[in-house]
Structure formats: C-alpha cells, structure tokens
Amino acid sequence: MKKPHVIIIGAGFTGAATAHDLALRGLDVTVVERGALVSGTSGRTHGLLHCGGRYCVKDQESAIECIEENLILRKIVPQVIEPNGGLFVALDESDVEYSKGWLEGCEACEIPYKPLTPQQTLEIEPYINPDLKIAYEVPDGTFDPLRIAMAFAATAKSNGAKFKLYTEVTELVIDNSGRVTGLKVWDRVTDERSELYADMVVNATGAWAGMIAEMAGANVPVIPTPGVMVAYDERFVNRAINRLCKPSDGDIVLPQRRMVVVGTTSFEVDDMDYIPVIEDQVELMLDRGSALIPGIRDVKERGVYMATRPLIGSGLTGRSAARTFKCFDHKESDGIDGFVTITGGKATTLRRMAEKTSDIVCQKLDIEMECKTAETPLISYRQYHAL
Amino acid sequence: MSNQVWMVTFRIFRKKGNLKPYFEDFQMEVKPGEYLLEAVERIWAFKDRSLTFAHACHHSTCGACGMRVNGKEKLTCITLIKDVVDDDGTVKVEPLRNFPVVSDLVVDMGNLFLNLESVGHHPVISVVEEPYQDGIAAGKGSEADYIRLSDCIECGMCISACPVATTTSTYLGPAALAGAMQASLNPDNGVLKLVDCADGVWRCHSAYECSEVCPSYVEPGRKIMQLRRKVMAERIKSIFRSNN
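Residue numbers (the numbering used here), protein chains in the order written: chain A, 48 to 434; chain B, 1091 to 1334.
Just to be clear, a hint being listed does not mean it is correct.
As the list claims (entries may be wrong) - Residues from chain B shown here face chain A by an in silico Cβ test under 10 Å; the list is partial:
| hint | residue |
| --- | --- |
| 1 | Leu1109 |
| 2 | Glu1124 |
| 3 | Ser1140 |
| 4 | Ala1144 |
| 5 | Ala1146 |
| 6 | Cys1147 |
| 7 | Thr1151 |
| 8 | Cys1167 |
| 9 | Phe1203 |
| 10 | Glu1207 |
| 11 | Val1214 |
| 12 | Ser1240 |
Unchecked claim - Calculated pairs, BS3-like style, for lysine-lysine (alpha carbon to alpha carbon, straight line, at most 25 Å):
| hint | chain 1 | residue 1 | chain 2 | residue 2 |
| --- | --- | --- | --- | --- |
| 13 | A | Lys49 | A | Lys105 |
| 14 | B | Lys1172 | A | Lys347 |
| 15 | A | Lys231 | A | Lys50 |
| 16 | A | Lys231 | A | Lys49 |
| 17 | A | Lys231 | B | Lys1105 |
| 18 | B | Lys1162 | A | Lys231 |
| 19 | A | Lys347 | B | Lys1162 |
| 20 | A | Lys209 | B | Lys1137 |
| 21 | A | Lys209 | B | Lys1106 |
If you're looking for bench data, these hints aren't it; they were derived computationally from the structure. Quick caveat: nothing in here was measured; it's all calculated off a predicted structure. Think of the CB as a built atom: it goes at the ideal place given N, C-alpha and C, for glycine as much as any other residue.
Using the sequences and the hints, build the whole thing.
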C-alpha cells in the first residue's frame, strides 16, 4: 500500500518535530520551509529548557507540559542540552512575597525545588547579585536552538522525511470539494515554481500560521508577540537564572557558549517578517539583567535580536495569554479538509506539539500508529547534512 | 549617536541554479550600530524576496550566518555595520569559500559536520574540558559536574579562511582538527592515529588565518600545533611499546 504523503509547512521546532513523529509512524513526509532551518522564531528562542517554574502560578497547564517535556528531552536529545539546572532568585521583599504562591504552584505542578540561602547560592553561582534574599534550585536547563532542530530533522530524514529549504508556499491547492490537496511553491534556490501534492497539509508556521491559514480561507487566532534578547560577552553562570517574580521583562538570564543572554519583552505586531530592534528595550535588558548578575554591566554587548512568539488568541494578550499550544483541524473549524494547523506553545514543548498534531493527522488519515517519540533517542544532529 | 542614519550600498553575491553568479547592489538606510545580519534580513524582507541566506540564533551560538564581508570571514549576527563600512560606502557580502555554493549566500557545510563527527568531537562537554580566563565558565561549585556546549559553533569560517583547505578535498581542515584535539583529551580513542596523516595535522601550513577569523575562541591554529605535539609523542610512545 502506498504510504500517505504529508506536507509540513515550516521547518521550525514544530515542523521538524512533527516530521520526526510522522516519519517514525511510517508516513511519507515532506517539509517545505521558505528560509533556512529554524530561521524564524525557533532559532531565535532564548534556549531555556523550562522546568515550568515560569508558568506555575498563572498557567499551570503550560507548567506541567514543560516539566514533563523537559525530562523527556533530557533523555532523547542530551547531545544539545546543558542540564545544569536553574535558580529562581528573590532580590527584594516583593519577590519573597511572590514566592509563597510560586511554591504552591511548584507543588501543584510537581516541579521539584530546593531552597538555598544567599550563601549557598553564591557558592554555586558566585556572580549572582549578593543582595539576594533567597533562591530555589529547579531542574531548568539550556539548549542550542539550531542543533535541537537539526537532531529532530536528522532523525526524521533517517526515517525517510525530505526537507525542502528556501522553498516558499505561494498558494494552497484546493479541490472542488474544498479539500486542500497540495501546494504551489517557489524554490528560491533555483528560482523555479512547482506544485506538490499531499494527502494532508500541516501548517506549522508558528507566528505566521494565520497568514498560511488565510490562503485556504481559514482562520487561526494567533497573535505574533515579539520580545528582545541581548547577549553579553561573558558566561557568568552555568544555570538558568530566573527572577522569582511574576513573568515580566528581562527576568531570565541564560548561559550560552561563553555568553549570557538576557530576555525578554512582550509586545504585539501585525507584520512579523522583519521586527526592528527597539533600543529602549535593549537598555531595559541591561538594567534587569544586571539586577540579577551585576557583572553584566562590565562586559561588552555581543548581539541583539528580536524573536516573535506565536500566542494563541483568547481575549487575553501578552504575558496574560497562556503559553499552551493548539492544533486546529480545519475541517471542524472552517469546513476545509486535508489541512491542519499547529501553533502556540514553546520550544520546550516541541515534541508534545508534534505528538498532538501527528495524532490528529493519523486520525484523519485513518492510520492507527502510536507515538513513539518520547522513548526514541534522536540521532546525532550532524547527520542532518549527511542524510 | 543612536539616531544616526547612514546610506550604505550592500554589494551582494547572487547565484541561482546553474546560472552564472553576479553581484547585485542594494542601497539601504542603516544605523551604524546595527548588526550586519539585520541589514541582510531587511534586504530580503523589503527589497528582494529571492535572496537566500542562512541564519538562526542571531547571537553567535549557532554558527549559521558566517559570510565573507569585504573579503574577510565574519559572523554577521555579531558584526557591527560601522566596523565594516562607512556612511555612503559600499560593503561586499559573499558566501564562505571552500564550500559548494547552494544559492546566493548559502553554502553546503555537510563535510564540516561529518568531519567533526569522524574525529569524535563532543558537542557537549564538562566545563573543565574547555576552561578559559579566570574560570568564570567553570563556576566555583563541583566544577566537573557542569556540562556545557563546546566552543566550536561549526560556522565554517576557519575553513573559508584556510589557504590550504582546497588543496585536497580530503583534508580534515581546521575545525575538525581542533575538534580532534578536544577529542584526544579522552585517551585511547584512536584519534591521534586518525589525524597523523597528510590529510590530517601535517597539511596545515601554520598560516593561523583560522584562528584570526574564529568568532568563538576555538583558535584552531594553536590547537593543530598542540595536536602535532601529541601525535609526535604518541609516535615515540608507540616505538617504545613495539620495542618491549
């Protein structure tokens, strides 16, 4: 029997992870991506392997997804993860006040934590602001954004998936019954245009999901919400450092290579193809980041970038909006068959987003195959180029 | 200072399919304190959607956006515009050398990744394996317990800058040889034998161009020289072993 062919639009985290999941279930998979691998939001993620502590007060569904996926990713893709844990640091009385609800949230979401005195904290992370009141150690981690996607994509390729990069979707092909049957693409490597046919098309374009859905006359309530990240030229810490406060601007500092990266902010935009760097926000990152790690003020800025989160519209906006993901079967929402959209979510939950999407795709294609990605170690990310 | 706007001409290498490559000029307003990758991305966003270039993290952890800028290898996400061009000036942007060009500024770096894999370079290591400066990276706790991503970001710039990289397609090249040096910290893995050949440590002409362009403190040139010493020591040791 001929394998069903699924085309995934977008080679960000969700697209790469969904390609892996579907290929592992034995489907024929092609990914089309208008740019390079993870050249949109995913590549520009902060790189925090969340333990869920950031969300455990106001968004416990996301928090539970994070801690569960965090533990899975540590097992299946240790090749790109710094598993050094994280700290939630209280710098003032209002942070200490916030910690009561936060500890309840950790308990409710089963996020393990260990209280540390200021002295114990400075023994393990000597560059943290010595005026801290208390800190809690949690199982955060950090990861390399490009390489985690390469590992998923390499494993997908090893199971037969194809990746067509620099290939932009110009139109969705819709038959007389209103079913999406393929897409028209522009190959920017050769400057040629062609048509691809599929039994199912998955729109995994994150913040751009609304634009692609619109090509089919479908509606996806995604709100592109960028934020700034600033890299500084010294690796002051080995752990992810979070301010123990309500999610706000510049409250996370992460180690990466020989840097630390401070993020982020949150505002809404309509056109997300190019988001200019906003200099006031860069200043804000320096202020907020150096409150956690004073030494940041004494080193050079190394890079600045904007990353656009895909938030699911729910009436709430910005930091109030949930960070959960949603998969839309457009047959149910818009009467359009053969077309599924996955958006929202976070880098840490990429595997779970892929599982949910693949479940829906398989159900629609009448295929009974269980998801195996939680138990399947990924092959070396370097194989991405060899396959 | 921050409100200053410059007019800069970006002379970009273009190539599609089997067509002949050419340079195309794009004039654009930029801020001198912006990073070059921002400008390249704006050319794609607002001037020409057919332009292809690789990029991901935008802060020098992924290594995707290496290009030749005025003939010199630069990681464009951390290269300030004011450091490579002046107001009313022209800056030439080309793909890395010594790799096949896929399209425009995109090259195929498959060989680099395979060579790093073949020498057993570890992408994640204990922080004490690649220590530096005053030990900030190591922290002060139980140092060996901390894991971090290796310095090498696999950007390919050292290979682009290497004057002997293309003398033979089988040369391991600076990134993989530096990777072999890291791998050789783990004894008995056979890597010293692997690199003790003409396509290994002995092809390097000690030009140190690799170290000069490395954006990530790997200093491949110095590592290749260290590796040569280890290879020689290994040869001597094996003579004694065979005499016993």
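A quick look at each hint next to the structure:
| no. | hint | verdict |
| --- | --- | --- |
| 1 | Leu1109 | 8 Å, holds |
| 2 | Glu1124 | 7 Å, holds |
| 3 | Ser1140 | 6 Å, holds |
| 4 | Ala1144 | 4 Å, holds |
| 5 | Ala1146 | 3 Å, holds |
| 6 | Cys1147 | 5 Å, holds |
| 7 | Thr1151 | 5 Å, holds |
| 8 | Cys1167 | 6 Å, holds |
| 9 | Phe1203 | 4 Å, holds |
| 10 | Glu1207 | 5 Å, holds |
| 11 | Val1214 | 6 Å, holds |
| 12 | Ser1240 | 8 Å, holds |
| 13 | A:Lys49 <-> A:Lys105 | 47 Å, violated |
| 14 | B:Lys1172 <-> A:Lys347 | 16 Å, holds |
| 15 | A:Lys231 <-> A:Lys50 | 21 Å, holds |
| 16 | A:Lys231 <-> A:Lys49 | 23 Å, holds |
| 17 | A:Lys231 <-> B:Lys1105 | 23 Å, holds |
| 18 | B:Lys1162 <-> A:Lys231 | 39 Å, violated |
| 19 | A:Lys347 <-> B:Lys1162 | 22 Å, holds |
| 20 | A:Lys209 <-> B:Lys1137 | 30 Å, violated |
| 21 | A:Lys209 <-> B:Lys1106 | 21 Å, holds |
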